[in-house]
Amino acid sequence: MISFMVNGKRQQVNVAPDTPLLWVIREEIGLTGTKFGCGMSLCGACTVHVDGRAVRSCVTPVSAVAGKSVTTIEGIPEEHPVKQAWIAEDVPQCGWCQPGQIMAATALLAENPAPDDAAIDDAMSGVLCRCGTYQRIRKAIHRAVGMKGKGGTP
Amino acid sequence: MSGVVVVTRREFLGTLVSAGAFVLSARLFPGGPADAAAAGGALWHPGVYLGIEPGGTVIIITHRSEMGTGIRTALPMVAADELDADWQRVRVEQALGDPRYGDQNTDGSKSIRDFYDAFRTVGATGRLMLERAAAARWGVPAAQCRGERHEVVHAASGRRLGYGELVADASRQAVPAAGELRFKTPAEFRYIGKGVPIVDMVDICTGKAIFGYDARIPGMVHAAIERSPVLGGRLASFDDRQARRVAGVRGTAVIDAARPPYGFQALGGVAVIADSSWAALQGRRKLKATWEPGPNAGYDSEAFRKSLQEAARKPQKVVRNIGDVDAAFARAARLHEAEYYLPHLAHASMEPPAAVADYRSGAVTVWTATQNPQAVQDTVAKALGIGKKDVICHVTLLGGAFGRKSKPDYVAEAAILSKKLGKPVKVAWSREDDIRFDYYHSVAAMYFKAATDAAGIPTAWLQRCVFPPIGSTFDAAQRYGGDGELAQGWIDVPFAIPNLRAENGPAQSHVRIGWLRSVANIYHCFGVQSFFDELAAAAGRDRVDYFLQLLGPQRRIDFGSEGTKNVNYGKPLDRYPWDTGRLRRVVELVAERSGWGKKKPAPGHGFGFAAHRSFLTSVAVVVELEVDDKGGIRIPRVDVALDAGRVVHPERVRAQFEGAAVFAASIALMGEITAANGAVRQSNYHDYPVARMGDAPVETHVHLVASDDLPTGVGEPGVPPVVPAICNAFFAATGTRVRRLPLRGAGRV
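Going down the list, the sequences are from chains A and B. FYI, the numbering for the first sequence is 344 to 497, going by the numbering used here. FYI, the numbering for the second sequence is 856 to 1604, going by the numbering used here.
Hints are computed from structural coordinates only; laboratory data are not their basis. Each hint should be verified, as a subset may be incorrect.
To be verified - Derived lysine to aspartate or glutamate pairs resembling EDC-like cross-links, with alpha carbons at most 16 Å apart:
no. : chain 1 : residue 1 : chain 2 : residue 2
1   : A       : K482      : B       : E1554
2   : B       : K1275     : B       : D1111
3   : B       : K1063     : A       : E421
4   : B       : K1244     : B       : D953
5   : B       : K1304     : B       : E1389
6   : B       : K1141     : B       : D1094
7   : B       : K1453     : B       : D1400
8   : B       : K1454     : B       : D1397
9   : B       : K1304     : B       : D1179
10  : A       : K482      : A       : D433
11  : A       : K482      : B       : E1506
12  : B       : K1049     : A       : D433
13  : A       : K411      : A       : D394
14  : B       : K1453     : B       : E1443
15  : B       : K1063     : A       : E417
Claimed, not checked - Stretches of chain A that chain B covers, calculated by requiring three or more beta carbons in the stretch to come under 8 Å of a beta carbon on chain B:
no. : segment
16  : 382-394
17  : 411-417
18  : 421-431
19  : 435-447
20  : 461-468
21  : 472-485
Think of the CB as a built atom: it goes at the ideal place given N, C-alpha and C, for glycine as much as any other residue.
One chain only, chain A, in its complex shape (with noise of 0.2 Å):
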């Protein structure tokens, strides 16, 4: 048994410690809003937060993250800067990496509150739009950063 917090609640799970923290989520845990996207840490869409910080999940082995505690796109609140701010934008075309972009720049902002456009670059480029949204990531993560400064919550 591998136990660990997954959004605030424990989780145990019963399976073989090298598993992958996004199988684990995916289908032990079924919080679908994490997505597979290349299994090499290559794309990002597989991004999560693990104390904090922004981990590619498919490379992840869920033994790495016992006793620690993880976040998803779940465990983020709607009325979350980021998350109101991509809905501003219009961010998404298909979404299907979007909760790995929300994710890593939420991880971003809350290393650096106030991030320059090469600051955003250099964050975001591990995840892939093939969409290519960047440029509305961009605004978004600069939006969001307006909208915390006017008193909403990271």
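Fit chain B to the supplied structure of chain A, relying on the hints for placement.
For chain B alone, coordinates are given in the frame of chain A:
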């Protein structure tokens, strides 16, 4: 008649609407009145369904697939506008695959083009019937009653009735004839031309949206399939002992090898069946399979490239001919030649193909990300030897598609395995499966030759293309480009050159060739717009001026009288003409908005231009590109001007063209599939890269031509001109011509 009926027998709508609802359907004639006349005595094929519940909720059933274009929002919005429904009280429901919806193949940038009128008609019909029901109840003339924001209002008396309250009466009204309908004027539109947030927005941003990869049903097992690395290879032997030792693996099952033509068949192979995706993938890694490689084992993409280029240098089948190119060449002041090449490309949608199938006693239910649920029905029915109506296809959201998910081989795999195993099966492709077993965008070799006069203006233009056609996937004997491919920017080059000849040569395919976003336009536009730029450069001319001079005076190209077959995206040329004036207008618009000719490029920067009509939409592009000291490429800005006729959802159209510029950047800069010994060499995003945030255009500015013309298409036409505009900008920045893509290919940049 208007083609609208009140639907009383609606079993196939299932629980999407309640028994008490007022349901209308509209018959669809994508080809317009000509189609309607042709269908005169044909069977009833309603397509659009609109229901109003007694509680007032309006349900609009969308029969098109959502893959990121916003179509699940845009078409229902059209019906809601004419109904004058309150969008907050509209629920959009996804249709099952069913021929009774008419065409459901979400492909070819045609959803608005083909269904705009039908959705307007069903909405306007509903509004008039509600108005008449209210008028009857109040005993006033119907002309005094108006549907407004979910209510019928009688202005003189101030009386109002909600749409829900009128449902029972409205459904007893006679369906109005077409001539009785009152459509809104553009000034009255509430949603059309304005837009609303896409219906899936919040679900996507909160992780609740369900895609094909997310589908699951109780008792389901997971399958990972090992397939022949070479197309047409056959399983010689396999050893699954190690695979079976993986915890969670239940066993293996063989899927018979497909035979040519491959079409949408499951490719065949050995499936590892397991309790979880991860166990299936681990088991597959331990499987030992050997293959008889078959007739494509010798396929080498490098040798193939040379053979196509050789063919393109020789005379080929003439597909368009004006004047006498050879005579003009013989007396030319100056001749120019150039060759261009584009490699295979993979779709690489972020969500790989996936399907869940549940076969029970002669019928199968599938849940899948598909662009074409009726093709799923046909393909699965054939694979299982059951009737088409015994294939129930639920359409999920699609995590990108770009043409890949209109080819349901992966659904056939799940269905075959479910029948074999007697339980529900999920087949979810890995990224390696997706890159290695795609329906690849065709390679293409092109050769161009032009004669120019003393002023550098072409007096003769010859172009040849050679590529394995999409048709080869469905007819193994097909070698020449199909009419559809040749009408995608090849036989419809718009230049007013007195001697012009287009040719097409044969090529045999060794992989499955399929359509990818904007299809043959990608290579044709790359060749034509690059060669135009070369001639302009040789003449020392401003590109936009030179382009407009070559385009000539405004005219509708008369393909019929010149003897050229132009299938024009399946649309008649009289209703959707090839009007050079519309292309001129977008060229002028993009020049103005981008500041063309007014800005001096910064050191290391260059501006590139290209213009192209595809999917009936005219598009012109200016790209600013920067090359740094180390050869690194950045695209600071793209300007796109387009004329797509009436635009239903301008914000989603902008998004499509922003995204198309990124898709084109992937093609121009980095996309390349190669093969050795018959097998594709790439497997994931490390060796088949697609544009990341830093590779993509930093800013794409989209400029829409305001138009009341018929809507054309927006999903695809943004891609083709951006590719040569990037290459032309690279030339402007560096003086180096790009004749082979991608720019970052081995030994090129």
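Outcome of the hint check:
1. Under the criterion of a C-alpha separation no larger than 16 Å, the hint pairing A/K482 with B/E1554 is consistent with the structure, at around 11 Å.
2. Our distance criterion of 16 Å between C-alpha atoms is met by B/K1275 and B/D1111, whose separation comes to about 12 Å.
3. Taking the CA atoms of B/K1063 and A/E421, the gap is about 11 Å. The hint holds against a cut of 16 Å.
4. Among the hinted pairs, B/K1244 with B/D953 is consistent with the structure: their alpha-carbon atoms are about 8 Å apart, no more than 16 Å.
5. Of the supplied pair hints, the one linking B/K1304 and B/E1389 holds, its CA atoms being roughly 11 Å apart against a limit of 16 Å.
6. Using a Cα cut-off of 16 Å, the hinted pair B/K1141 and B/D1094 holds, with the two alpha carbons roughly 9 Å apart.
7. As the CA atoms of B/K1453 and B/D1400 are separated by approximately 14 Å, the hinted pair is consistent with the 16 Å bound.
8. Straight-line distance between C-alpha atoms of B/K1454 and B/D1397 comes to about 13 Å, which keeps the hinted pair within the 16 Å bound.
9. Distance check on the hinted pair: B/K1304 and B/D1179 sit about 13 Å apart at the alpha-carbon level, within 16 Å; holds.
10. A hinted pair counts as satisfied when its Cα atoms are at most 16 Å apart, and A/K482 with A/D433 qualifies at roughly 10 Å.
11. With a C-alpha separation of about 15 Å, the suggested pair A/K482 and B/E1506 falls inside the 16 Å cut-off, and the hint holds.
12. As the CA atoms of B/K1049 and A/D433 are separated by approximately 14 Å, the hinted pair is consistent with the 16 Å bound.
13. At most 16 Å may separate the alpha-carbon atoms for a hinted pair to count; A/K411 and A/D394 meet this at roughly 6 Å.
14. Pair hint B/K1453 plus B/E1443 holds up; C-alpha atoms about 14 Å apart against a cutoff of 16 Å.
15. Using a Cα cut-off of 16 Å, the hinted pair B/K1063 and A/E417 holds, with the two alpha carbons roughly 8 Å apart.
16. Using a Cβ-Cβ cut-off of 8 Å, 5 residues of the segment 382-394 of chain A lie near chain B, which meets the minimum of three, so the contact claim holds.
17. Look at the segment 411-417 of chain A against chain B: 3 of its residues bring a Cβ nearer than 8 Å to a Cβ of that chain, three or more, so the hint holds.
18. For a cut-off of 8 Å, the count of residues in the segment 421-431 of chain A with a CB near a CB of chain B stands at 4, and the three-residue condition holds.
19. With a cut-off of 8 Å between beta carbons, the segment 435-447 of chain A has 9 residues touching chain B; three or more are needed, and the interface restraint holds.
20. Check on the segment 461-468 of chain A: 4 of its residues sit with their Cβ under 8 Å from a Cβ of chain B, so the three-residue criterion for coverage holds.
21. For the segment 472-485 of chain A, the stated coverage by chain B holds: 10 residues have a C-beta nearer than 8 Å to a C-beta of that chain, and at least 3 were required.
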